[in-house]
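Asks: Working from the sequences, and respecting the hints, build out all of it.
Single-letter residue listing:
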Amino acid sequence: MENNNINIPSTPTVLATLFKADVATQISNRRSVIITLLVPIMILISWKNFAQKIGGPYVLSSAIDIGLISIGLMGYSLSLARDRDKGIFQRLRVAPVPTWAIMFSRISIQLLMIMILNLVIFMVGMQVDKVTLPASGYIVAFFSAFIGGAVYLSLGQLIVGLVKNFETVNASVRLVYFLFIMIGMFGELGLLGDYIKDAIRWTPYGCVKIMLAASMEPDKWDKDATRAVLLSLGYIVVFAGIGINKFKWSTK
Amino acid sequence: MTTEQDEYILKVEGLGVNYGSFEAVKDVGFKVLQGEIFGLLGPNGAGKTSTLSAIECLVKFKSGSILLNGFDVQQQPLQAKASMGVQLQSTSFQAELNVIQILQLYSGIYGVPMDTEQVKALLKEISLADAGKKKFSQLSGGQQQRLSLVIATIHNPKLVLLDEPTTGLDPQSRRQLWERIEAIKARGHAVLLTTHSMEEAEAVCDRIAIVDHGRVIAIDTPQALVDKYRDDPEVIAASRRGKITLEDVFIGLTGKTVRA
Numbered sequence: 001m002e003n004n005n006i007n008i009p010s011t012p013t014v015l016a017t018l019f020k021a022d023v024a025t026q027i028s029n030r031r032s033v034i035i036t037l038l039v040p041i042m043i044l045i046s047w048k049n050f051a052q053k054i055g056g057p058y059v060l061s062s063a064i065d066i067g068l069i070s071i072g073l074m075g076y077s078l079s080l081a082r083d084r085d086k087g088i089f090q091r092l093r094v095a096p097v098p099t100w101a102i103m104f105s106r107i108s109i110q111l112l113m114i115m116i117l118n119l120v121i122f123m124v125g126m127q128v129d130k131v132t133l134p135a136s137g138y139i140v141a142f143f144s145a146f147i148g149g150a151v152y153l154s155l156g157q158l159i160v161g162l163v164k165n166f167e168t169v170n171a172s173v174r175l176v177y178f179l180f181i182m183i184g185m186f187g188e189l190g191l192l193g194d195y196i197k198d199a200i201r202w203t204p205y206g207c208v209k210i211m212l213a214a215s216m217e218p219d220k221w222d223k224d225a226t227r228a229v230l231l232s233l234g235y236i237v238v239f240a241g242i243g244i245n246k247f248k249w250s251t252k
Numbered sequence: 001m002t003t004e005q006d007e008y009i010l011k012v013e014g015l016g017v018n019y020g021s022f023e024a025v026k027d028v029g030f031k032v033l034q035g036e037i038f039g040l041l042g043p044n045g046a047g048k049t050s051t052l053s054a055i056e057c058l059v060k061f062k063s064g065s066i067l068l069n070g071f072d073v074q075q076q077p078l079q080a081k082a083s084m085g086v087q088l089q090s091t092s093f094q095a096e097l098n099v100i101q102i103l104q105l106y107s108g109i110y111g112v113p114m115d116t117e118q119v120k121a122l123l124k125e126i127s128l129a130d131a132g133k134k135k136f137s138q139l140s141g142g143q144q145q146r147l148s149l150v151i152a153t154i155h156n157p158k159l160v161l162l163d164e165p166t167t168g169l170d171p172q173s174r175r176q177l178w179e180r181i182e183a184i185k186a187r188g189h190a191v192l193l194t195t196h197s198m199e200e201a202e203a204v205c206d207r208i209a210i211v212d213h214g215r216v217i218a219i220d221t222p223q224a225l226v227d228k229y230r231d232d233p234e235v236i237a238a239s240r241r242g243k244i245t246l247e248d249v250f251i252g253l254t255g256k257t258v259r260a
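Chains as they are written, first to last, in the UniProt record's numbering: chain W, 1 to 252; chain A, 1 to 260.
In case anyone wonders, no lab produced these hints; they're calculated from the structure. Treat the numbers as computed from the prediction; the structure is a model and nothing was measured. Just so it is clear, CB atoms sit at the ideal spot from N, CA and C, and this is done for glycine as well. One thing to keep in mind: the hints can contain errors.
[As the list claims (entries may be wrong)] No more than 30 angstroms apart at the CA atoms, straight line, and that leaves these computed lysine-lysine pairs for DSSO-like: (1) A/K60 / W/K164; (2) W/K86 / A/K124; (3) A/K228 / A/K243; (4) W/K252 / A/K124; (5) A/K62 / W/K246; (6) A/K26 / W/K248; (7) A/K135 / A/K120; (8) A/K243 / W/K248.
[To be verified] Far from chain A, some chain W residues (derived; all Cβ distances over 10 angstroms): (9) I54; (10) I88; (11) V94; (12) V163; (13) F178.
[Claimed, not checked] Take a look, some chain W residues computed to stay more than 12 angstroms from chain A by CB distance: (14) G56; (15) P96; (16) M115; (17) F143; (18) L175; (19) L191; (20) T203; (21) K220; (22) W249.
Replies: Below you can see the structure in the form of structure tokens.
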């Protein structure tokens, strides 16, 4: 019985290797990246003429909110469900790799996507909608986008935690995405009645939207914005708590 | 002085694996010696893959202990994982990565990082020199197996675990894989494999354990098992051509009923 000659790579080496592979995967999935950016950009372009009427922060926060939903649900949860279905996680788990490192790398990629989304939205907003924010607005909105992104990433984690079958996850995230866009966006504009408009304010969509819009004008930060941040943090804790607890690495 | 403890690389004792209330593995015990090819044989659902999954730290076991290269797989999973190479039953790698990227990923997480030139040299060794830019799904079954096997041994592990490695391979690819498994043994590694093929067990395994209903029911060399059970009425009844084979012993011990 021997226990020599083993080589356990350091955690930074493992994280760097996993991250490099996940970046290569993301680059190969260019279409999904484009689709993630496309819908928010379409919102910015189609609302071009309203931007000055309804306010730049409103337009930008709507676009970022929709993009964050896409990243959390379509990007994160679908990739987890697919890799779990194909046994890729099991193959990684038999290597001398802490399991948290596998997830950490996946989440890091989504955080990178959130950064790209923000930059693209701010640039398109500036060029197309002529919306400019104070420097503090850009900075605070950047951080708020990470909290908002975490809300949808944890919601994606909740879905893959509760649903094992890839096809069902696929259908579920598309349904949730559709509901957030249709009911969230149109409801918030009052097109679905006052009751829906009020109810939407404190849903994940509404909270992220309020938080983002307030972040873009830090001088106008109010109680509702604080409440939206606290509720967002609550959503993250609950969704991620259940999602991580219920998550299975294999569909078998 | 060399003791028995010095010789084994894997010791499984009293292993019990449950899935809910279902007992998939019950009190399984065996040892794999250094430089040995050890086969786990059993019908579908016998508990082979569950036993392997417990060794691979993929499932938590209810009872028993597993010592791999001196490391308790539950207490020191990273050390145990670093001591073993694994080829899972259904091998799959990231669909978006090409062969070079896959090899760089796994060499990195096994602590033996390779640059592109080193990967290309390795691919040449396994006759995949032209496949570097291909995706895993674009490789043939035999090529996929070769790649999976080279990944399983990339860090020079003490023990290589192969779960039904020749399933779906044509005879040429199967023979080639047997040679590669024997080459692993020649380099001093131990191999633990599961298989449904009696031909494979006889061809490559030094010792085998027959598993059924989650228990080890026989364990020895293939020839010793044939010799031991040749007079067993169930084995004789299972014999099709008069001469007792390992398959007859297997059918005689596990029954003729087809498992799901």
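Asks: Are there hints from earlier that the structure breaks, and if so, what are their numbers?
Replies: 4, 8, 10, 11, 15, 22
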